[in-house]
Amino acid sequence: MTIKIITDGSSDLTQELAQQHQLSIVPLRVQFGHEQFNSTMDTDLFYAKMRESEELPKTSSPSPIEFLEQYKRAAPEQPILVLALSSVLSSTYQHAVMAIEMFREEGYQNPVEVLDVKTTSVGLGLIAIRASEWKDHMPFADLVTRMHQLIETTQTLFTLDTLENVIKGGRLSRLKGKVASVLNIKLLMHASEEGAVEVLEKLRGTQKAMKHLMDKVGDAWSHSDKKWIACAHSNCEERAKTFMKELLHKYPFDKVIIMNMGPVIGTYAGEGGILVSYSS
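The sequence shown begins at 4 in the numbering used here and counts up by one.
Check before you lean on any hint, since a few could be wrong.
[Claimed, not checked] Calculated pairs, PhoX-like style, for lysine-lysine (alpha carbon to alpha carbon, straight line, at most 20 Å): (1) Lys-230 with Lys-205; (2) Lys-258 with Lys-138; (3) Lys-229 with Lys-211; (4) Lys-219 with Lys-229; (5) Lys-248 with Lys-230; (6) Lys-248 with Lys-205; (7) Lys-229 with Lys-248; (8) Lys-230 with Lys-219.
[Stated by the list, open to error] If you anchor each label on the Cβ, the simulated ranges turn out as follows: (9) Thr-148 with Gln-97: 45 to 53 Å; (10) Gly-110 with Leu-203: 44 to 52 Å; (11) Asp-257 with Glu-167: 43 to 51 Å; (12) Glu-249 with Asp-45: 43 to 51 Å; (13) Gln-152 with Glu-38: 22 to 30 Å; (14) Glu-57 with Lys-248: 47 to 55 Å; (15) Val-259 with Arg-76: 42 to 50 Å; (16) Lys-248 with Asp-145: 35 to 43 Å; (17) Ala-199 with Lys-230: 39 to 47 Å.
To be clear, the hints were calculated from the coordinates, so they are not data collected in a lab.
Small disclaimer: the values here were computed from a predicted structure and weren't measured.
Cβ coordinates follow ideal geometry from the N, Cα and C atoms, glycine included.
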């Protein structure tokens with residue numbers, strides 16, 4: 004029986020990609036003041052509203068009920084695999100797990116596995132796509148094992164062009180942020196093994212940050228599977244395309260995804276950010 008794969012709206016997958024790979028998406032919520040949206044909101048609208056807002060929008064995870072509704076859409080006894088963004092960053096994973104008990108209480112016996120992918124954005128999206136490639140070629144238990152291995156070897160790196168959202172979000176003091184801005188400091192960051200966001204380097208200038216991002220991919224390229232690489236940009240498409248063209252010239256991959264970063268991660272990245280994810 005075909006395995007049902009569910010992921011969440013932080014994956015930044017377009018509707019077309021989700022349909023192409025038969026992925027179900029549970030959206031997160033995004034709130035600007037009293038206005039509520041979800042993570043499927045138009046990205047142009049999102050970045051325009053964030054630019055105009057003095058405060059960052061608030062994001063929140065799907066409820067257990069929303070996961071339960073997705074579980075109940077599976078066919079009788081159809082195995083269900085849920086791939087959720089890092090539990091360090093969101094309660095989405097915990098809510099997906101809570102929904103299993105509710106599912107059982109209603110009498111459903113489908114096998115269900117919820118995995119913490121320890122990353123987000125296209126890192127999560129890429130893992131979901133790989134799961135869709137494999138789901139018809141192996142038993143459910145083997146797919147779960149394969150996904151655990153993929154999660155452990157997936158690398159997510161990104162650089163921010165602005166620290167404004169980091170400051171607004173309280174992750175950097177305004178004084179330190181002002182000093183960093185005056186010195187044109189850019190952050191090169193990654194998703195750690197535990198799924199936390201960590202600063203790898205503080206660099207002066209966008210060019211240097213982009214070069215170091217490319218070098219990091221290059222350092223791992225000989226050990227990567229060279230099949231897929233994904234890039235998400237926070238409303239800077241031309242920069243992302245130029246960066247990926249140069250990167251792929253040096254380090255070719257078979258398949259490439261480039262997409263706009265959605266509201267969930269875009270809230271914290273701010274405009275001008277570049278995120279790259281691949282498997283090693």
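Open item on the list: I'd like to know which numbered hints this structure contradicts. Please list them from smallest to largest.
Closed with: 1, 3, 6, 9, 11, 12, 13, 14, 15, 17
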